[in-house]
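Colleague: Please arrange chains L, E and D on chain F, whose structure you already have, making use of the hints.
Chains as they are written, first to last, in the numbering used here: chain F, 1 to 345; chain L, 1 to 345; chain E, 1 to 345; chain D, 1 to 345.
Simulated from the structure, these hints should not be mistaken for lab results. One or more hints might be untrue.
A pair counts as met if it fits within one copy or between any two copies, since identical chains are not told apart.
[To be verified] Below 20 angstroms or equal to it, Euclidean Cα-Cα: the simulated EDC-like pairs (lysine to aspartate or glutamate) are:
no., residue 1, residue 2
1, Lys204, Glu137
2, Lys204, Glu44
3, Lys227, Glu132
4, Lys248, Glu26
5, Lys227, Glu250
6, Lys300, Asp168
7, Lys248, Asp168
8, Lys204, Glu256
9, Lys227, Asp168
10, Lys251, Glu125
11, Lys248, Asp54
12, Lys251, Glu121
13, Lys3, Asp106
14, Lys227, Asp252
15, Lys3, Asp60
16, Lys94, Glu125
17, Lys300, Asp252
18, Lys300, Glu225
19, Lys94, Glu335
20, Lys248, Glu44
Since the model is a prediction, treat every value here as computed from it, not as a measurement.
4 protein chains.
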Amino acid sequence: MIKVGIYGGSGYTGQELLRLLLGHPEARVVAATSRRFAGVPVSEVYPAFSGRTDLVYTDDSPETVAGFADFIFLALPHGVSMGMAPIFIRAGRKVVDLSADFRIRDAAAYEAWYGRHTAAEMLGEAVYGLPELYRDEIRQARLTANPGCYPTSIILGLAPVLRSRWVDPASVIADSKSGASGAGREPQIASLYCEVDGGFKAYKVGNHRHTPEIEQELGLLAGREMKISFTPHLLPVKRGILSTIYAKMEKDVSAEEAVVLYREFYREEPFVRVCPAGRFPDLSSVVGSNFCDIGVTVDKRTGRLIIVSVIDNLIKGASGQAIQNMNLMSGFPEETGLPLVALYP
Amino acid sequence: MIKVGIYGGSGYTGQELLRLLLGHPEARVVAATSRRFAGVPVSEVYPAFSGRTDLVYTDDSPETVAGFADFIFLALPHGVSMGMAPIFIRAGRKVVDLSADFRIRDAAAYEAWYGRHTAAEMLGEAVYGLPELYRDEIRQARLTANPGCYPTSIILGLAPVLRSRWVDPASVIADSKSGASGAGREPQIASLYCEVDGGFKAYKVGNHRHTPEIEQELGLLAGREMKISFTPHLLPVKRGILSTIYAKMEKDVSAEEAVVLYREFYREEPFVRVCPAGRFPDLSSVVGSNFCDIGVTVDKRTGRLIIVSVIDNLIKGASGQAIQNMNLMSGFPEETGLPLVALYP
Amino acid sequence: MIKVGIYGGSGYTGQELLRLLLGHPEARVVAATSRRFAGVPVSEVYPAFSGRTDLVYTDDSPETVAGFADFIFLALPHGVSMGMAPIFIRAGRKVVDLSADFRIRDAAAYEAWYGRHTAAEMLGEAVYGLPELYRDEIRQARLTANPGCYPTSIILGLAPVLRSRWVDPASVIADSKSGASGAGREPQIASLYCEVDGGFKAYKVGNHRHTPEIEQELGLLAGREMKISFTPHLLPVKRGILSTIYAKMEKDVSAEEAVVLYREFYREEPFVRVCPAGRFPDLSSVVGSNFCDIGVTVDKRTGRLIIVSVIDNLIKGASGQAIQNMNLMSGFPEETGLPLVALYP
Amino acid sequence: MIKVGIYGGSGYTGQELLRLLLGHPEARVVAATSRRFAGVPVSEVYPAFSGRTDLVYTDDSPETVAGFADFIFLALPHGVSMGMAPIFIRAGRKVVDLSADFRIRDAAAYEAWYGRHTAAEMLGEAVYGLPELYRDEIRQARLTANPGCYPTSIILGLAPVLRSRWVDPASVIADSKSGASGAGREPQIASLYCEVDGGFKAYKVGNHRHTPEIEQELGLLAGREMKISFTPHLLPVKRGILSTIYAKMEKDVSAEEAVVLYREFYREEPFVRVCPAGRFPDLSSVVGSNFCDIGVTVDKRTGRLIIVSVIDNLIKGASGQAIQNMNLMSGFPEETGLPLVALYP
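Extracted from the complex, chain F is given alone in its bound form (with noise of 0.2 angstroms):
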C-alpha cells in the first residue's frame, strides 16, 4: 500500500484520480491540495465524493507533501508543474506529471509553444509515459510525463503504420474531437452549457499547442520529423476524444491486413482494443474506462489508410492513464485499479 498525494486536486483531472484511486488496492491518497478549496472536504465540492471519502483539500506545500506522501501526481497547470516536480524528486518521491512541462524532449520546442522552461535539467529523465511504447522505461522513471489527452489518441492510432514504414509521414492529417472536460472547470462563457450544447466547432485550427508532443512522438516511431495536420474540435458531450487520422497508403494492403497488423502490435496490451475489420469505434464504448479502442480501414478508391481511435479523456486521457504509469512505477501489475467498462448507456 503506497500513499499518495494529488498536488491540484480540485480540477476535473484531480477529482478523477481521486475516484479511480479510492477503487486501487495498493494505493492511498493522503492529500489532495487546491489553493481556492483548502479546508473544505473534497465532498463538499463534489458531492459525489460523500460517504466514500474524508479527505479534506489542503493548501500544504510540496515539501509538507512530499513528508508523508510516497507518489505525487500533479495535476497542475503548465507551467506550474516545473516548479514543483523538482521539490518532490529531490525528497525521493516518484511522480506523475499530468501537465505538458516534461513531455517535450526539446526545450528549445516547448519554448515555442508554451513559454519559458525553468526545470529544463529534469528533461532528459522526464519519461513520456506512454506504456505501449514506453513500457520499460516507465518501469525505472522516476518522473514521468503524462501524455497529453490528444496525443494519446493520435499516437496509439498510428504507432502500428508509422514503425511499419506503411504510409507516408507526410501525409498525415488528424481530426479529433474532444468532450468539454478538456477544458477544464474554470468558468468561462465559451465553457457554458448554453454555448456548447447543440453547437459543435473547430477551435485553434493550425495552432494547438499539443502539435509538437504529437509530432515529438510520431516522428521517432516514423524514423524521421514529421509535420501532421491536427484540428481540434469542440464535442457537445462531457467526455471523450475521438480521432479520425488520414494517411497516405505507402504499400498495398487490405483492411483486413491492416487490423492484422494492429491486432498484432497490440496483441499485449490491456488497454487497446482493435475494432474487427468494417467496425470503428463509438466515444461511448470507452468513456469511463482506461480502454483506447481502434477501428482502421483502407480506402482503395483513393489510397488512404483512414484510422479512428477514441478514449475517455479523463481516464486514458490523464488519470487512468497516469495510474497505469503508477502501477508501472511502483511494481504493482498494470491494470491495477482500473479494471473498468464503460459506463453504458
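Modeller: Relative to the frame of chain F, chains L, E and D by itself:
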C-alpha cells in the same frame, strides 16, 4: 463464488447487471439469454464489453439455465417473469426478479394495473427487495421482487417521515423525473434522440403502473391506506431519477430537525446519503453509483415538507439494487461489488 | 415604424430581443447597449447575426438613447432597471422592463426579497405585462413590467381555475423546471456544460425570488392572499420551462370539463394553446415560439387538479412577451413579429 | 401566391418544409401526404403546429395532388421519388425532389451506389439545385434535384479553391459530422437517445452514398475527375453539419488571401457567409437558419488549406434550400420566406 444466470440479458438492465457483476469478486456470470441475439457475443451487441467477457448470448430454456446457474436474475418484461420464476424456484435456485410481477402483494391490485397473474400462489413468498426496509426478510428469501425505479426513489424519500407520523399521508405528491434509459432499448419514435434531446414532458399523468407499488409500500410505512399523486416526467438524460416530494407537516419541526430524523433513520445504511440542511442532491452525484441521495427541508410559509431524492435508475433503481439483494440472499457483505462513486463530470 | 433601443443588449434576453425584432415589420432596433462589448459589432459577439445586422454595441447613456429611440427595452439586472426607467419615462419614451424591479406592486414586499427600491413612486403606474390578464392596461401603459419566466408559466397555468374558484388556493404546489439559459451568460461553475449536462437538480427550494410575484398575481386571481410551494429545478436543456402544478379540487369536475374551462378562458388568446384531454405538452413544441401550451387533468383518486404548462423561457418567458407588450403599447396587432412555430426537432 | 403540395410530409424534412412555408408570403401549402398518418391532422403528429395550421395528412395519389397544387416538393426515400416526379412533370407541375434520385447525372453511377433507376430519361433535364452554382439553370428548371446535406456543406466549402485551381484535387479529404436528424424519424436502435447522447462515431467510412454526388460536382468545379476521402460522423446534436476539409495547396497564399478569394466568390450570395481570417464557424450560428458559414485558413507548416463549413442539415441542407429553389423556379425573390437568424442559445 456463485454462478449467476441473467435471463433476459440484452436490454439495458441486463447489460448493466453484467457490467456490475464483472467487478463482483464472489459472482461469475455463466449465462445471459436473449432471443434476439442468441449466438451473438455480448461484446458484439455492446462493444464496451470487448476484452472484458467472452460470454455469448444464448436462447437456453429456464430449465437448462437452472441446471448450471446457482442464482438467477430475471430481466424480463412484466408478465413474462411470472412464467419463469416458478421454474427456477422449483429447481432450487434463488431468484431476483426485476419485473413488476411479484412486487404487488395483492393479486387483484396487480391485475387492475397490469393484467392477469398466472403465478399468484408465489406472491406470498416473494419479498419486496428494498434492503433499507426488508433486509432481514431478503436474507431469507428465495424469490425477491426488485423494486421499480420510481418507487425506490419515492419510498426511500418518504420512509422516515411516514413512519414517524410527521406528515399527513393524504397530502403526498411525488413529482418524478426519469432519464430515457427507463424506457428500455426498444426502438420507438418517442425514444429517438431527436424527440428527447432539448425536450421535457410529463407522461402517464395519474395512471403510471408504479402507482400501486408505491402506495402499497408507503401505506405499510404510514400504517394506513394511502393514495398519492405521482407524476412521471421524461428527462433528456440517459440515466437517473429525481423525485421531488411534497407533504403537509403534522408536526412543527425545523429543516435541521428533519435532517436529523433522516440521518438517524438511515444511519447504518451503506447506500443512502442525506444532504446537510439547505442542500439538495444533483443527479450527477449518483449516476454510475448505487447511492440514493436525499435532501429535505421544511417550508414554514406553507407548512410543507419538501424532499428531493435521486438515484441512478439502472443501478439503485434496478441492477445495483438487484445485486445488493443477491448479496443479502447469498450471505455476502451487502456492499460487495458496489463500492462505486458517480462518474463525474 | 418605431425606433427601438435595447438597454443591456448583450445578454441572452437582449440578443433574443434583437433576433425577434429583426423579423418585426414595424420596429427597427437603433441602439443596443453593452458595457462589456461597447464598440464591438453584435455580429462579432453573436456570429449568428452576421449578415443580418450591422448594429454595434454602444455604452450610450440613457439620456442619449432616449434622444433617438421611441421605445425602450430594459434587459438589465434587478436593481439597475429602477435607475434607468424613470429617465426614459421622463423623456416621454415608452418602456418595457424585463427585470423584476416593477413587477411587485408593494415596495415592502419587493424589499423583503430583492433589496432597496429607489423608484417606488413609479410602482403605481407600472403595469404587469401579462397580456392574457392585463391587455387593456398594457395598451395604456408607459411602463410595463415584463413578467418573470417562471411566473408566466405558473400564472397562465392556474388563472382559469383560480378565477373560477375550482381549487383550494392554500393547496397550490408548482414544481417548475427551467433550461440553463435562465441563468444568463455570466461565467460561473454551476452553469458549465460539464456541470449541467446529464444532471438535474432542485435549487433555491422554498426561497426563489419569483415567489412574491407569483403569489401576488395568483392572489389577485383567487381574490384572497395566497402562499404556494414553488420549487425550481435546473433542466439540461438550453431553453424552456415546464411547470407541473397541483391543486386540491373544490368542485367535482371531469378532465374534459377542465379542458373546456381552459379553452373557454383562453379562447381569444393568440399565444395560449390548450391540449386535448389526456394530452400534455412537451417543451419541444414551444421552444422557438411565443406559445404557452397547457395540459390539464383531474386525478379523481386524489381529488387533485394537475396542470402542466410549457413556454420558451427566452420568448414567452421574456423577449417574445416583451414584444407582445410593445405591440399592445404601440397599437400594432398583437401577433406582429411573433408568428413563430417551434424549431423541431 | 402559389399552391404547394408536399409529397411525403410527415418526416423531419417534410415537417420542416411545412414550418418554413407557413412563413412564406407567396406560397400556401394545400397538401401534405403521409401513408402512415393519412387522416391525422399535422398538429397531432407535430403539436408544435397546433394553432398554426389545420392541414390534415392525406394519402392522395400524385395525380390527385397534381390536380390542385402548382408546385410539388418530393420528400420521399431514394427510389420512390423517381416514380413520382414524372407524373407531376407530365401534369405540368414544377418539382423539387429532395431525394438523391435526380442528383447523379450518370445513370450508371447512380445504379452503382443506389440501385436501378427507372426514370433515367429525366436525368438530362433535372438541374442540380445548388443556387450558388446553378442559379440560372434552376430558374428555368421544371425538375430540380435538391442537393444532399453533406454535399451542400462540402461543395460550398471547396468551390472557390477548386475553380481557382489553388489546390490539388487528388488531395481532398472531407471529415464531416452530422446531427441525428439526418437519420430521419424511423425508429431504430442506433437513433435512440440512449445510444446517441454522450456518444460520437464515424459510420459508412469510405462508402457513404453521398460520395458520387460530391465527386460529380467537385469534378465539374475542378475541371477533372475527382476522388475524395469522405468520412461521415454522427454528432450528438439534433441539427447541423460541420465539414472539416483538407487539401494540399498548389499556390502559395496566406490565410488572408484565401478569405479574400472566398468573400469575392460568394460576394452576391445571400446565404453564404465567410468568417474573418483566423475565425471558424460554430454549428450554433446557423442552426435554425438557411446560412452556410465558412472559415478558411492556410497551414503553412504542412502546405494545406483547411476549410470548415457549417449548415443546418434540415434547412440549407434540405428544406430551406428546397424553398430557395422554389423561389428561383417561381420568380420570387430568392430570400423570400428565408430571412432567418439561428435560434441561439
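Colleague: If you test the structure against every hint from before, which numbers come out violated?
Modeller: 1, 3, 4, 10, 11, 12, 13, 20
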